[in-house]
Amino acid sequence: MISKNLKLSALYLASRPPYPAKGGRERLIAQSIEFLAPEYDLHVVVFCRSDEKPDVDSILALGCKSVKLVQLPGALEVLANVLIRRLHSLQENLFFSRRTRTVVRKLVSSGISVVIADMLRTGQYCEDMDVPKVLDLDDLLSERYRQFLVNGCKQTVFGTFSKRIPKSLLMAEPLLRRLVLERERRMMARRELSTPHRFDVTFLTSETEASQLRGDGANVRVYANPQATAASTYDWRMIGHAEKLVQCFFIGNLRTSQNLASLKLIVREIMPLVLERGLDIHVHVVGDYDDRAIETVSGCSRVTMHGFISDLSEVVQRCSIALLPIVEGTGVKTKILDAMAMGIPVVTNGLGVEGLSVVHERDLLIADTAREIADQIARLNLDDGLGKRLSEQAKSYVARNHDPTLLRERFREHIFTALEVGRARLMYSSPGTVS
1 MISKNLKLSA LYLASRPPYP AKGGRERLIA QSIEFLAPEY DLHVVVFCRS DEKPDVDSIL
61 ALGCKSVKLV QLPGALEVLA NVLIRRLHSL QENLFFSRRT RTVVRKLVSS GISVVIADML
121 RTGQYCEDMD VPKVLDLDDL LSERYRQFLV NGCKQTVFGT FSKRIPKSLL MAEPLLRRLV
181 LERERRMMAR RELSTPHRFD VTFLTSETEA SQLRGDGANV RVYANPQATA ASTYDWRMIG
241 HAEKLVQCFF IGNLRTSQNL ASLKLIVREI MPLVLERGLD IHVHVVGDYD DRAIETVSGC
301 SRVTMHGFIS DLSEVVQRCS IALLPIVEGT GVKTKILDAM AMGIPVVTNG LGVEGLSVVH
361 ERDLLIADTA REIADQIARL NLDDGLGKRL SEQAKSYVAR NHDPTLLRER FREHIFTALE
421 VGRARLMYSS PGTVS
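Count the sequence shown with this note's numbering and you get residues 1 to 435, in order.
All the pointers check out, no bait thrown in.
Heads up, simulated DSSO-like pairs for lysine-lysine below, C-alpha to C-alpha not over 27 angstroms straight-line: (1) K53 / K68; (2) K244 / K388; (3) K244 / K264.
Calculated from the structure, these hints are not laboratory results.
Model, not experiment: these values are computed from the prediction.
Could you build all of it, start to finish, from the sequences and the hints given here?
Structure (structure tokens):
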């Protein structure tokens, strides 16, 4: 039996720098580190590009003992990985470095009690080690790739990691996109399904996906690790607005295919339908973006691109609706929770509330087609009472289900479970492969 009062050492493998937190994954990495640091002597390994300069001071400020930066492999090593490591996904091969494996093994052999890996990309470094281990999958990427295939493979396979990919691979990717996506979907599905048997505890952001991966396994330790959302320092209030003008905002990293697809839906389908109803509409878009987003909104004077901003209050106070339809993607959408925590009425679709136990017309408004979304926008514009009710219920929902203190205790209990299960497993297994 392990004493909960004994401070042990833990190693966290971060697939990307958590700061600046431009997306939901960065925020969840920072959250996990923040939850772990008070309980463990925590060491963090951060994967980054050679030209990146992560904010190490902010990571250390969370209470870590050390932060080690490791570079992603170059083009030649990635090519060798793809040719030699054929049972691994492309995601994993893009992150695998023999030099980094040596670094991780050395850290683990120095007395680490438990390893927490961020996504399969880093989980490959500890899956064969005789140490209690946890894998945070984030989302089921195989399902995300299935959605990309259904939607016509319009965006790059690499998503937000395009900046981290050798240029030679980026140039070839459009020609091989469907083939690569289909293979990657199969490989990721196989690797995801085997995760509960290779790790002592597995996390997913969404309880829906956690339940899906658990299946009928009574003793399968797969848990939800959702985004903790504190009460917002900015409290939105319904204020008077122009009768014929609806001001909305959308938030998301526009360098990702899923957010870019949402922006296209808003600009090309939803906004014209709102205009047909005799209303004017202006959409404020918050989030990092590139030329693809500029092209999407080109010629539309009713869209303002604000870029990445840390304080949303200045934009939100101009708006009466958070317009957040999701076209593709898996897991809990951080943007939905952030908007609900501020109390601004949310209009989204079924995919947008995946993994949340929200109720239509109580906590937010759910509509699945562009026409239905336009109808809900017009409805909210006419009914101040509905907006006020949604505002109060949304804040209440976030407080009940995403309270940081509650989620911190659950997370720590699951890590403790991994320690106990992992040590029991090692007690009955042969000597391992750490050294």
